[in-house]
Amino acid sequence: MQSTPKSGENFWLWFLKIASGILILFILAIHLTVNHFTAPNGLLSHREVVAYFQNPLVLFMEGLFLLLLVIHSLLGLRGIILDLNPPESTRRLIDIIFLVVGTIVSLYGWWLLFAVRSLTS
Amino acid sequence: MSKPHAIVIGAGFTGTAIAHDLALRGFDVTVVERGPIASGTSGRTHGLLHSGGRYAVKDQESAIECIEENVILRKIVPEVIEPNGGLFVAITEDDLAYKETFIKGCEDCGIPVDEITPQEALRLEPNLNPKLLAALIVPDGTFDPLRLALSFAATAKKNGAVFHLFTEVVDMLLDGQGNVTGVKVWDRTNNTRYDIHSDIVVNATGAWVGQITKMAHAHVPISPTPGIMVAYDRRLVNRAINRLNRPSDGDIVLPQRRLAVVGTTSFSIDDVDYVPIDRQQVELMLQRGAELIPAIRQAKERGVYMATRPLIGASGPGRSISRTFKAYDHKDLDNVDGLVTITGGKATTCRAMAEKTVDIVCGKLGLNIPCTTAEVPLASYRAFYD
Amino acid sequence: MKADKHNSKGFWDWFNPAGRDAGGWAFILNRLSALGLAFYLYLHLFVLGKLAQGPDAFDQFVAAAKSPLYTVGELLVIAAALYHGLNGVRLVLNSFNIGVPRQKQMFYTALLLTVIGTIIFAARMFTAS
Amino acid sequence: MWKITYRIRRQKGDEASHYDTFQVEVDPEEYVLDGIEKIWAFEDRSLTFRHACHHSTCGACGMRVNGVEKLTCITKIKDVTQDGGTLTVDPLRNFPVVSDLVVDLGPLYRKMEAVHAPPVHPLSMTPWEGEDIRPPKEVPTPPEGGEYIRLPDCLECGICISACPVAASDPDYLGPAPLAAIQIQGLEGHPELLALADSQQGVWRCHSAFECSAVCPSSVDPGWRIMDLRRQVTARRLKTIIG
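Chains as they are written, first to last, in this note's numbering: chain V, 1033 to 1153; chain G, 2 to 387; chain S, 8 to 136; chain L, 28 to 270.
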């Protein structure tokens, strides 16, 4: 037992996980309402989806939603991996991989949002 | 001369205290114990750190040992002791009549004793029987049985002693003349058997000493005398509560963490390894305990256990046998060299028992090394697992 | 008295229900739903890539997704998300030391709401179109 | 008297573990540990198990009875089986097995030492639990002055660690009893405890299964204490940004 605490997970990361979780719940509520209740049969055709994204508010909301989901899922996965007590070096590697993956996925998602938005037919 | 090697059989209070003393005096120490630490009588003790008051009238030798050791243990191992003192409480006129004899006995033995009013006693211990007639304060205390033994063991280990737990002595190693030169053991953790040689073997197996001495064709006079204890699920008192009278059944109530423990009885048995619980005695503890602390009747039984005292001497009524201890050199007793047996005594006096035993060991080996255990603070019980 | 082999199955013990109380089940379900949802999230993003490939690719996919198998899968995601979210609320409250002595009741509530919510969604999805 | 079957997990040295069964006659009022001791005394002397005080003040006899962590010295046989029934006894989880039912509690003791868990403390420091018990309002003082000293509730029995799913995969996680010991001491004036609580092996690793509180034999309620510790750390950390 080392008496010096291991760094790597502290209050701020945990708080980010909790906060992103709560925000996801809010946005998910809107997302679900819009997808399954407002649109009569849900957003089921390409045309409908593209139309939906013309609203800048929607664009912002979905972009934020994506970011929060990526943060929450990667922090959660990281927590699960930490439960397996990986060596310090592995943990650092995972931190880097997750940072890279998170960035790429977020950029790809945002690019997708704008790409779809511009596909007006 | 290289370090003398001593084997200690038994890791109860006496065995661990002897290991600690031997290690301090420069011995190579090997402790063999057939179970875990303090799994016999030691673990199952009531946990009363005696002021000596209990024996101050009929057994003053034990009483004086107790008060001396009480002071020393408080100093060297404070982290396993609740040093809250004890009350001797008179409930009946008969109890009250015993008061002067008791105070006289305490004064004879050097035990500080103070009388307080029943009102004051009730302020200190609101759960006392409100009908109490008198209350005396003595420096009793309570201790955690396992951790007391662990503290001695941890300190011994720090000073080089080696502990073989779950390792049972199955026979003695004897030289041609019938003298003990070591032990044959069975390690129950991996089912292996091997020999350990030594300059001296110390038999500190308490109520089980007879099983060991038999292997060496030696003997000691002892009477295994069990008593029952019942734990209730509420901490009803903060100090040791004793009935102010001659020692009898169920006349002590002690706090232990969140519990109150009532004890005890005294009877004879044949098989020391398994003492079944007698529900009548459980009932008796409740009845007698409630005379001191009526709220025990509202508490729930949490645990019941038996502990077997190793009393010195041939069979007799348990309460009449002295609680003092005795160390035997089997050279003198049975003309068997290399074996020393210690038995009798109380948990409170375990350090003194060790001192006396190691004095004999040193004497036998022609060593003149003074005992320092009365001054050396013990290591944390947690260090045993380092 | 020393030994070094840790007496556990590590990873598998997370999901071992033996001797578990309500809170243990809450944990097992939370962890399973977490892993499931994380997998779904990245799969979902990949599938949505079809949006950028134009109307045909996407509409073809949506047509394929009308099969009952997809619906059941979607329902599973909804149930997992409901449970993970509702239990998440419980964990957030507990983490600020709110309602810890009633954590079991909170778990049962989360479970009940998940079941009700899933049934409502199932009814809508199977009766729709 | 009841006739019951004990099914006991055995393991010596490096060999694989297996179960041995023993038929025993017991008084249903007896405790599970009494039955194990009886098996050792009359059936199989090679059986190893930890025990000392036999009344739940030492914490030595923690085992799993029918899969659930129990102090066997206070678990009545009649509460966990019936006449003719079977009792399965396993060693604690998440500790190294020394032999049979004996585990090495060393890792726990070292963690308790690392968080300076006090071996004795004043009566007024008696922890209050959940929302039920508060510390005594008037703490009686002995005539010599000072305060009554008592042993803490936590027996360091390892039962909470055995039940914890996170401890199952991470031996370095501080775990319920040590985190509870931090909470009982409080963070005020203990920066080293704050650092340990707010670290990778600290409170954030808890995934709120509350199994520790479900099995704790001594009402320590570690799950509640870990949550309270989180609240305390959260308050402190948020205060630093508010100023």
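Treat the hints with care, since some could be wrong.
[Stated by the list, open to error] Label pairs and their in silico Cβ distance ranges: (1) L1060(V) x D71(L): 37 to 47 Å; (2) D199(L) x Y77(S): 39 to 49 Å; (3) Q60(S) x P1088(V): 15 to 25 Å; (4) D71(L) x P79(G): 18 to 28 Å; (5) I270(G) x K30(L): 55 to 65 Å; (6) D109(G) x T48(L): 28 to 38 Å; (7) Q60(S) x T1065(V): 49 to 59 Å; (8) R280(G) x D71(L): 46 to 56 Å; (9) R109(S) x I270(G): 24 to 34 Å.
[Stated by the list, open to error] Coverage of chain L stretches by chain V, computed from C-beta distances (three or more under 8 Å per stretch; other residues unrestricted): (10) 220 to 228; (11) 235 to 242; (12) 252 to 266.
Because the hints were derived from the structure by calculation, they are not lab data.
Think of the CB as a built atom: it goes at the ideal place given N, C-alpha and C, for glycine as much as any other residue.
(request) Taking the numbered hints from earlier one at a time, note which ones the structure violates and give those numbers from smallest to largest. (result) Hints 1, 4, 5, 6, 7, 8, 9 and 11 not satisfied by this model.
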